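Novice: Build out the structure end to end from the sequences listed, making use of the hints.
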Amino acid sequence: MSAMTPTPTNTTTSVDGLCEVRHLSKRYGDHTVVDDLSFSIPRGHVVGLIGPNGAGKTTTMKMLLGLVRPSGGDIALLGRTLGEPGWGDVLRRVGSMIEEPPIYHRLTARQNLQYQCLAVRGAVDDHEVDELLRLVDLTGRADDRPRGYSLGMRQRLGIAITLVGQPDLAILDEPGNGLDPAGIIEIRRLMGRLPDTGTTVLVSSHQLAEVEQACDQLIILADGRTVAQGTTSHILSGRSQHVFHLTVDTTDVGRAAAALHTAGVDVTEQVGGTFVVTPPAKVGGRQLNELLVAVGVFATSIGQQATSLEDAFLELVRTEHAERPTTQEAGRS
Amino acid sequence: MIRTEVFKLRTHRTPWVLFAVLTASLCVAPAYFAIKNPADTADFTDAYLGVAGIMAPLLGAVFGGWMIGHEFRQGTLRRVLGNDARRGRLIAVKAGIGLVAAILGMSVATGIGALASAASALSFGEAIEWDGVVRNVLGGAAFALVTAAIAFALSILLRNDTYAMLGSLGVMLIVGPLLAVIPRVGKYTPWSLTVDVTTWISGQGELEVSIVPAAVGLVTSIGLLTAAAVAAFHRSDI
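From first to last, the protein sequence lines stand for chains A and B.
Throughout the first sequence, residue numbering follows this note's numbering, covering 1 to 333 in sequence.
Throughout the second sequence, residue numbering follows this note's numbering, covering 1001 to 1238 in sequence.
Because the hints were derived from the structure by calculation, they are not lab data.
A partial selection of chain B residues facing chain A, derived with a Cβ cut-off under 10 Å:
1) T1011
2) H1012
3) H1070
4) E1071
5) Q1074
6) T1076
7) V1080
8) G1082
9) N1083
10) A1085
11) R1086
12) R1235
13) S1236
14) I1238
Label pairs and their in silico Cβ distance ranges:
15) E131(A) <-> R1073(B): 22 to 32 Å
16) A1024(B) <-> E84(A): 48 to 58 Å
17) W1130(B) <-> D130(A): 50 to 60 Å
18) D143(A) <-> R1086(B): 26 to 36 Å
19) G1075(B) <-> H206(A): 12 to 22 Å
20) L151(A) <-> R1089(B): 27 to 37 Å
21) G178(A) <-> L1173(B): 34 to 44 Å
According to the in silico footprint, chain B covers these stretches of chain A (three or more CB under 8 Å from chain B):
22) 60–74
23) 88–94
24) 104–115
25) 119–125
Because the structure is a prediction, the values reported are computed rather than measured.
Note that beta-carbon positions come from the ideal geometry of N, C-alpha and C, so glycine has one too.
Specialist: As structure tokens, then:
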């Protein structure tokens, strides 16, 4: 059994879906990189594709673009199935940046964008080129070769190239790679604006905090399979941690600690009057408060610890690993 | 796709540098002879053909390997195929445009070299005898185009422009001549067939095999190499 998280999103995307992936697999000899992967990408969202190293994120993105041939399964993009007539037209409505910015280093930023205009639109649109240069803040360096650019500038140029022709879908593989915090924030803001212009974004990243802020939809992969898909808030809310922070007056610390210990509450951390506790499953915030009040201690605050995407991600991936037999085990059974 | 490939050729530096190097190398001897008159006007054509014969295959290998090899090296092939997934068409367009560009570049460069030689000879009141030179140049150009075609195919198979250039030069300048000395079969190796075809075009020297089987054998060899490259490219993950 997998830890797949069914969400309302899965049902709506079949109607409004931009991309549908069903039972996709990719094998290199005996090594399976992507294994029976299914997900859908709804329109008008920033969708995060996350997973540990080797989970199959980049391979999946490459298969969406036809750069890697699937060993099995179906990909439907913008209403067409991979390989069917008209697939070329579909690709012109998809922008992509896989692994590294697709830049011709001998051409200037402007020429790189002009080339892409020719490829996508069949003609150079200088107005669009100027707009994109402005969007990624490269107007001042438009006529320089990217060889002299910083990593962040190259990433931004790569994103601008991806956006030529206002694609329906922009596929960005690790766009924040190697960027400083300011650069990461810039790219996050840029991605956040794209759905308003009609471009859905599929982004993979290892920077989970960034993904949590930038993406409103998530697809979580582990070992080449989808372990969860849905809205970011749904995935996070589905796995609230049973960890509480409670604060008492420093003079009450001793009595509070004793009461918690007696009730079987595990105190994982205590600094001054603040406790981080993991109570038994049926004990919530209200019960903790009653416990303290019973010994004459009045908590100044009690709150449940919020789950970060990092926590949820690790939990999901751990569950998937635990529930899935290894290849050898499967072979023996 | 044709327009984008032409755009790339126009805007990239490599084709222009190769053209400039070929043109400049063909103008060095005339410039030298303008300062120091040669003993014989035949020196003009000898130098002209000698330089063209050496430089054209060298630069052809670089150009042939570069046409698609630089896309592998820079990772831009993903961008090209992301815009248009028709891989066979991409190779055909690149090969076609590369061939036209190579012929155009060699024609203009050799034309400038010839004009420079004529002007240099005129500077001390001599006229050059051009008899047989054009056919010789065409023969050299054919050799350069075969080298470029091998480099092009190798760059697809090896996914690397540098190895492709070195490979094609190795085949045409080292391995080919070595294989050619094998008794009986040596004359049917691609290099020997290329030499036969270029000898026939230039009209000088004797053929090891007659022109028809030589031409058919050469085209078949290049065709097989290209077919292998196309098949590998179709199957490969980018």
